[in-house]
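Peer 1: Based on the hints, put chain B in the right spot on chain A.
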Amino acid sequence: MIVTKHVTKYFGNFPAVKDVSFEIHPGEIVGFLGKNGAGKTTLMRILTAYLPASSGTVLIDGEDMAGHSLSIRKKIGYLPETPPLYTNMTVKDYLKFAAEIKDVPVKQRRNRLDKVIEECQLADVQGKTIGTLSKGYKQRVGIAQAIIHEPKILILDEPTIGLDPIQILQVRSLIKNLRNERTVLLSTHILSEIEQIAQRVLIIRSGQIIVDGSLEELLKAPGTARSGGSTLEEVFVSCHQKQTEGYGE
Amino acid sequence: MSKILSIAKKELASYFKSPVAYIILILTIVVFNVFFFMIIEQEREASLKDVFQVMEFMFIFLVPILTMRIFAEEKSTGTIELLMTSPLTNTEIVLGKYLGALAFFSTIIGFTFVYYGIVEYFGHPDRMTIFAGYAGIWLEGAFFLAVGMMTSSWTRNQIVAAITSYVILFLIYFSISFMKYFSGPAEAAIRQLSTWTHLENFSSGLITAGDVVYYLSGILVCVALTRLSIENRLWR
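Sequences listed follow chains A and B, in order. Okay, so the first sequence: first residue is 1 according to my numbering, each after it adds one. Okay, so the second sequence: first residue is 1001 according to my numbering, each after it adds one.
Chain A on its own, in the form it takes in the complex (with noise of 0.2 angstroms):
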């Protein structure tokens, strides 16, 4: 569904990305993990077609980024780190406008709009100015205009950041409910949170991907050479620290 291939991203001298390839299938949920810098933000851009790459290639289901940016992102909602919100329309304007440039038929307007406010339990704050909603309902705002489209592929920039514990709860439950029908990649640096939801672990580090497994095999694998325990914390912690010393930062 997604595949990169060598990867890289410069700002001016600085490399955010270095030489990433990996592969996401049709179906699953991964769980895209890093410090604070470590390029992740970056990444999800290049893979939503908003920040170009510097060079390699990027291929969302079987399409070139390079020559069908357009039609890739018909396919993928993304819900960037702030959920891009114009605060002063109410909040079902704001998704009728979201419905209307991403192609959304005509017909199906009414119907996609109804469905994502149920989903997303928008029902009370519809007729709200966005501006006057708290950081939960406007995550989860962020989260419908995601899906309005009905996308096959949805990019999370740390969806639950913010929110309070109920509100954690219930987006993630809302995440859950989408990958019967959706490919997910969400970035977090909420660990308990990808042992819950993720079924695979991108773990990247200075613009690098260091490791890349399925959850099980990364928590069931104690000892090997990579993963030292049977947590995902530890495992996280474990990476950071081996290269820290391999590269001597």
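These are computed hints drawn from the structure, not numbers from a lab. Treat the hints with care, as some may be off.
A few chain A residues that face chain B, going by a derived Cβ cut-off under 10 angstroms, partial list only [unchecked claim]: (1) T48; (2) P52; (3) P83; (4) D103.
Under 8 angstroms between C-beta atoms, here's a sample of chain A residues computed to sit facing chain B [unchecked claim]: (5) G37; (6) N88; (7) V125; (8) K128.
Virtual Cβ for every residue (Gly too), placed ideally from N, Cα, C.
Peer 2: Okay, now just chain B, sitting in the frame of chain A:
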């Protein structure tokens, strides 16, 4: 096309959702009204020629306030990510936003049609001259908007966007004042560069191909440069 209209509609709506739009609208109309009264009272002439000249001058100050947010705000709040990851071409984004701003600007112009009603009621103005004047001032505003949108696409800071477009508009408008220091081809070039020269023709009822081409090509260049800056993410 329908997506261009969706964006334009959203842009226009967002003007009216902030108090700034109403303040600008009311302030502009009030100032225009005062000048209209002063000019008519002084000249006692059923023509809007000088009114158009004053409007042109006012638009230099007004338009950057209207346009500074067009792209800068989207970039600073991150909503640009929604636009640029949706199946929209850069041309659709730029045209949609431009049309939205143009619609708001046209509303302001629309309010001044009252002046025509007044001079028509009390005198016998030359209708074609007034029509030409309106065409000219509308084209001029459209050109200023394109300049403002372009500078807004260069930065994520609205103040920087506004000041940059003030600089450009001042240079274009006042370049005629520097004409006396030049001679020969340079003088002619500067005369042609200034919007003042071109609007003067329109407001005296003269629609010439040269003036229309001046404004249209100005708009086209700015819109194309905006698209280029959006495409290359020049604000980073």
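Peer 1: So, for every hint listed, does it hold in this structure?
Peer 2: Quick rundown of the hints versus the structure:
1. With 10 angstroms as the threshold, the beta carbon of A/T48 comes within range of chain B, its nearest partner Cβ sitting at about 5 angstroms, so the hint holds.
2. Because the beta carbon of A/P52 sits about 9 angstroms from the nearest beta carbon in chain B, less than 10 angstroms, this interface hint is met.
3. At about 8 angstroms, the closest approach between the beta carbon of A/P83 and any beta carbon in chain B falls short of 10 angstroms, and the interface hint on this residue holds.
4. Below 10 angstroms, beta-carbon pairs count as interface contacts, and A/D103 has one with chain B at about 5 angstroms; its hint therefore holds.
5. A hinted interface residue such as A/G37 counts as satisfied when its beta carbon comes closer than 8 angstroms to some beta carbon of chain B; here the least separation is about 16 angstroms, so the hint is violated.
6. At a threshold of 8 angstroms, the smallest CB-CB gap from A/N88 to chain B is about 4 angstroms, leaving the interface hint in force.
7. Using the Cβ-Cβ criterion of 8 angstroms, the hint placing A/V125 at the interface with chain B is not satisfied: the shortest such distance is roughly 17 angstroms.
8. Violation of the interface hint for A/K128 is found here, the shortest Cβ-Cβ separation to chain B being roughly 13 angstroms, above the 8 angstroms cut-off.
The structure fails to meet hints 5, 7, 8 from the earlier list, while all remaining hints are met.
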